[in-house]
Structure formats: structure tokens, C-alpha cells
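As a plain string of letters, each chain reads:
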Amino acid sequence: MEYVLSLIVLAAAVAVVASPLRRGRGTEPALEAELASLAAAKEAKYGEIRDAELDFQTGKLSDADYRAVDHALRAEAIELMRRLDAAREAAAGERPHA
Amino acid sequence: MLNLGRVCLTLALLIALYGVGASLYGAHRGGPNWVDSGRRAVYAVAGVLTLAFVILEAAFLRSDFSFALVGSHSSTTTPAFYKATAVWSSQEGSLLLWVWLLAVWSSLVLFATRRRLREVAPYATAILLGFAAFFAALVVLLANPFGPADPAPAEGAGLQPLLRHPSMMVHPPMLYSGYTLFAIPFAFALGALMTRRLSPEWIVATRRFALAAWLFLSFGILLGARWSWSELGWGGYWAWDPVENASLMPWLTGTAFLHSAMIQEKRGMLKAWNVSLVLATGILAVLGTFLVRSGILESIHAFGASTLGKPFLAFIAVLVTGSTILVVTRLDDLRPEGSFESLLSRESVFLLNNLVLVSLCFVIFWGTFFPLISEAVTGQRASVGPPWFDRYTVPLAIALVFLSGVGPVIAWRRATPRNARRSFRLPLAAAATAALALALVRGVWREPLALLMFCAAAFVLAVVVQELWRGTHARRVASGESAPVALASLVSRNRRRYGGYVVHVGVAALFVGVAASSTFQHVRDVRLSPGQTARVGGYDVRYLRATSELSREKVTLGAALELRRDGRHVTTLMPSRGYYPSRDPTLGPAGRYFDGEATSEVGLRAGLRRDVWTAVEPDIDALRRMIDGIDRRFPLAAGDSATLMLGAIADRYEALPPPASFRLIVSPMVEWIWLGGLIAAAGGLIALWPAPRAARRRAGAAHPAHVRRELSRA
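Chains X and E, in that order, give the protein sequences. So the first sequence is numbered by the working numbering: it starts at 63 and just counts up by one. So the second sequence is numbered by the working numbering: it starts at 463 and just counts up by one.
I should point out that these hints are in silico values taken from the structure, not numbers from a laboratory. One thing to keep in mind: the hints can contain errors.
[What the hints assert, rightly or not] Stretches of chain X that chain E covers, calculated by requiring three or more beta carbons in the stretch to come under 8 Å of a beta carbon on chain E:
hint, segment
1, 64-72
2, 77-85
3, 98-110
Here the structure is a predicted model, which is why all the values come from computation and not from measurement. Each residue gets a CB set at the ideal place from its N, CA and C atoms; glycine is no exception.
Go ahead and model the full structure; you've got the sequences and the hints to work with.
Right, dumping it as C-alpha cells:
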């Protein structure tokens, strides 16, 4: 009984591990990592903008300081968006056309 | 089922080794299919280890003594809860728990990131599987929990008496969850270093796992302290024991990482510091596991000397060397993207907080390993005690609590000095008020460090209340919501920020408890006969009568103590000592109980103002003639006849009780430690909980045009 159960466990483990190898060779978009990195940076920048807004609303920043910080953060966010768009266009260009 | 268990462990080892190879081959040349196969190897390892763990659990619950481990750590008389948890009371079972938890958490993180971090994840997978392979090799080759008992005994030895406490049974899974969860940011940091993909992406992807690690480790440490207070019978919750310290060190560096990671996420700064912190945390977690098992340092918590020391040392050496080489060779990629704009910024406060936390870790590391260092240098093993640790850790802890109040009132990037001054006004007033109020309490002025801690805690509480009030007010103005709704939505939309603030309140409460209980504690060791009274910390403790109890597991001898304050009855405490039978066949039917292991059951009256703690040490020598007489005359007595004789000893103790030794402690605000821990855990859960869908959508990739339009208008 234990022998049979051991074989079943072995077969299941091999099936789980080997299943991706039976698929055709996958493709890895070259710019995907860059896109993910920029997307993470963009999310972090939005978080910064929201935090600065909350800091202003809770009285930690003066009006002038908040405007300066917010302006700088938004400029950085726009730059990130531009880079993200450029990376997306480059990634789209690399993909094979259907 | 022994063979199936062994097959599962061997399979786990082989699959883990295959997965390391598949992941690295896939990352270099083989492509995503091999990477995918490596990731699935983690799922498979988790699957077979789950099966192995279930087999072992079932053996414990069924008292299947054909498993040698079950016979040596459980018995038919062990209660079901302790049978289920006795699995990790052994070296072998706890290692299996470690690697099983690691595999489960690794599966979760790799499933969550299966479409992200395409470059980093294969290396992180290889590292996590490398960890799994190391621990699987230990359980397969050196500490196999599926060893057979030949012949199987009719009865087991039972669970170590000291471990028969609910806290102690939950404590290891919590601690190991913390350790193994910290392996996840460790692995992704190494992966990021290897691939030079050092954007904050790996931090974002593993943030919740790091926070969960912190939460579990905090809970585990507190449960250990709680066990020490209510079970060990020495009257303390923290002894600066090497194993206690080993769990605290990764907690400190992990806490520092959770703070400094925010600076990298927001500003792209402190990259080298962050990877160093998270690598140190991962290595300290393995060091903690090593200390419990190697026997190199004396500790009541350790499993004792074993053969695992050398493999662990080799593994730690590989981790330290590999991590150092990677950090040093990637210094160019770890250059910061921004710089500190002002000393008056949250980044600066976080950096200060990091320095305090790392200093604390260094002090504890030095004190813990001082016996080994002194032995290496002078040839003599010297050790440092609690006063040495207190001298350095207390001022640092006060600074830490104070800084946890400063951070929340300072803005990111640069705070406006005028606004900062205004923000500090109320919290500083609260701290001053606390100082004045405490001046009315006798003796507090004579303890400036404790007083400073109380003031720092008042400061933190006032800061958090002020922050919540201001945030709620701002939200009410913006949305017109009622105060409770505005508060709820404020916290809900900024869970990380306000969850962190709640953690700060909990930590402050915890340190108030530590400061009060360690500074203003009253302790007396007395010897009393029934009818006699001792006075401690304003209480009169009267020894009313001796007590005894006989069960299948143990003989219990104790005392009923009446607690009175100002002449009024407060409560009756029942401390006792349980005597568990030894398996030594040379001891007689009575002697095997009284010469075996014994544990204290503390008589405790707990309250927010103070705990009254009592422990008793019955004078067994007074019963020695009776015990020896029974052993001599009835050496083969067993079953009902042995029970009858033990009953006679217990009755004799109750009827003619000899003087007993008592330790009596009145310790203020100990409950604040547990309460503070619960508050901190609640804050951690708030921070850990995913943000509501609406809050995420604002910055989500699904609406880039909208966000872009919004940003372009600026």
C-alpha cells in the first residue's frame, strides 16, 4: 500500500514539475522587465503624490512648500509616464504581427 | 506510513535540487518554460512536505509509537492539543516545520509574482529552493523525523513538561513563520542584485511578506515572553538568553528594513542600505535557527548539543560570503537616484530610527556572542548578564520610542519648520503633562530612565491622536462625511501609514510595561509555614494551606495563598509545582515522580495596574522518608497500586505540610506588554490588509490616460 502511495506521490510531483517543459518554447518580451520596473516606479510616484497631499492636509507642509513638492513630483510622474509609453511602443514593435 | 514519510522528504530534497538547476538554466539559456518548471518545483516541494507533515501529525495524534519520534515526545496520556503540537517540540519535527513553512510561503510569493519580476524571480526561486534543499537535506540525512522504533514501546515518554503551555505550543510556528517569511525578501534582494534589477519593484512585490514576517516574529517573541512569565517560575519575561536574543536580532533589522524600504520606494535612495538590511535579516533568521540547535551557547530554550552545528555554520558562511560579494560588486548599481533634501524630513527621521535599531541589534549581537568572542581571545569563556544589556539597550529603546513619535509629524522630502513646530506643540505638552503627573507618584522621579520612557510614550500617543484627528478633519472638509465615517475611510485608504501609527502606539505601550515592571518591581523570596504571612509591594500574602492533586500525568503539590491589601481580601492564589514521572527504570514507583522533571504553575493575579505573581517550591525532602520507604518496599508497584501510594504521599503533604519556599513578586504594568503587543499586531494587520479597490484604481495601470490628464494639468 505504502509502495503504491509513494509511486502516486512521485508521479504527481513529476507531472507538476515537468508540465511546462512539454509546452512549446515560450517567448519572453525583451522589454517586459523594463516595463514592469517603470510601472512600479510610476505607482511609487503616485503614492508619493498622495502622501504629499495628505501631509499638506494634516498641516505638515505650508502652502508654498506643498506646491513646490507637488509640482516636482508631478513633473517626475509625467517623465515616468513618457518613458513608460516609449517602452510600451518599443515592446509593441518587437512583438510579431498577427 | 514511515516509508511514505521518508519518500516525501527525499522527494522534497530531489525536487528542490532540480528546481535550483531548472530556475538558473531557465534564467540563463533555457527560457521561460524552464523557469516555470523551477517555480512549479516550489509548489511540488510544498505539496510533498505538506503530506509528510500530515503523516507525522497523524502519527502523534494516534500515538503511533512505531515512529521513534512519537515515543520520545508524546504519550497516550498527553492531552490531544499537546499531542498535535508536540511535533515541533523535537529537533526533527521543528526542522520539518521550518522547511514546510518555507515551502508554503515561497509557493505563495512565487504564485503572486508569476507574471512579474520576470528577470529577478528565477534567481529568487533558486535561492528559496536552495534554502529548502539545505533544510530538506538536514531532515533526510541528520534529523529524520521518520525514524522507526524497534521495538515500538507500549507507552511514550510524554511531552517535555516545561512545554505544556499553550503559548509555548503556538510560539514555534509563529517564530518559524517569521524566520521563513524573511527568507522571501532575502531571496528577492539577492535575485535583484544578481540581475542588477535594483528598482523598488522587488521591494513592492515582497513588502507584504516582509510585513507578515515582522508580524509573526513579533507575535512569536511575545508568546515566548508570556510563557517565560507564567510558566518558568523564575519571575521574569525576558532574561537576555542567547535564544531569546537570536529571535530579537532579525526583528530589529527587519523593523529597520520596513522603514527604510519606504525611502527606496518613494525616493530611490538607500538601495545599498536596504539590501544590506534585508540580507542581514535573512542571515540572522538562519543564525537564530542555528543557535537553538547547535548547543554552542547555553540556553534553556535550546534543543541541546547536536550534529547540526557544522552544516549550519557552513550554510551561514555561504550566505554571508555570497551576500557580501554581491553587494560589493553591485555598488555602482546601488547608487541612489535622489538625495536628502532636508534634515527636517521623514527620510532623515527614518534614517535615525534605522541607526538606533541597528545599534540595538549590534549591542545584542555583541552581548550574545561575547562568551564565544572572549573564549577565542582569552581562552576563557566569560558572559555578560542583564545589567550589561540594560546599560546599552535602555537609552536606545527610549530614543527609538521617541523617534517613532517624531516620524509621523514630519513630512516627506522637506517639512515646513513653522508647521513642524506647530505639530510638535501638543505632543510635547502631553509629554510634559505626563512628567508632571508622574511626579505625584512616589519614587518615579528617582528613576529618570523610566520617567523618560513614560514621557516618550505619552508623546507618541499624542502624536498619533493628533494625526488621526487632523486627517479625519481634512477628510470631513473634503468629503462632508461624518467623523466616524471619515476616520474609517482615512485609515482604510492609507492603511500602511495609519496601520504603522497604530503599531507605534502598541510598541510605546509595550515599552511602558517593560520600563514600569523592570524598574518598580518588588520581589521577595520567603519560606513560610501554613498560617504565616509575608509582605511584598503593599500586599500581605498569607499561606493558608497546602494543596495536592493526582492525575494520570503528574503529582501536583501546591499552596493556597490569601492575598490581602490594606486589610481587605483581594483574592486567593494557587501556585503549585507539578512532578512528572521519569522513564528511568532504576527509580522506584514514587521516586520516579519526585526525581523526574518538575514545572511550576504560577499563581497570578493580573491587572492593568500590576500583576501579583507567586510561585511555590514544596519541600520534598520532608517527604523523602515516605518516598524512599515506598520505593524500597514496593519497587514493582504499578497501575492502581502505584496511584494509591502516590495518593498517600499527596494526602500526607496536605495533612502535615512542611514549610515551603515562595517567590512573591508585585510587578506593575506587566499586562501593558501583552496589550501593547496586541495593539501592535492590530496595526500590523491594518497595514498588511490590501487597500480597497477604489484606492488602488486611482493609481492603477487601467486608467493611465485619466491619471496622465490629471497630472498634465499641474
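**Asked** Can you give the numbers of the hints that this structure goes against, from lowest to highest?
**Response** No hint contradicted; all consistent.
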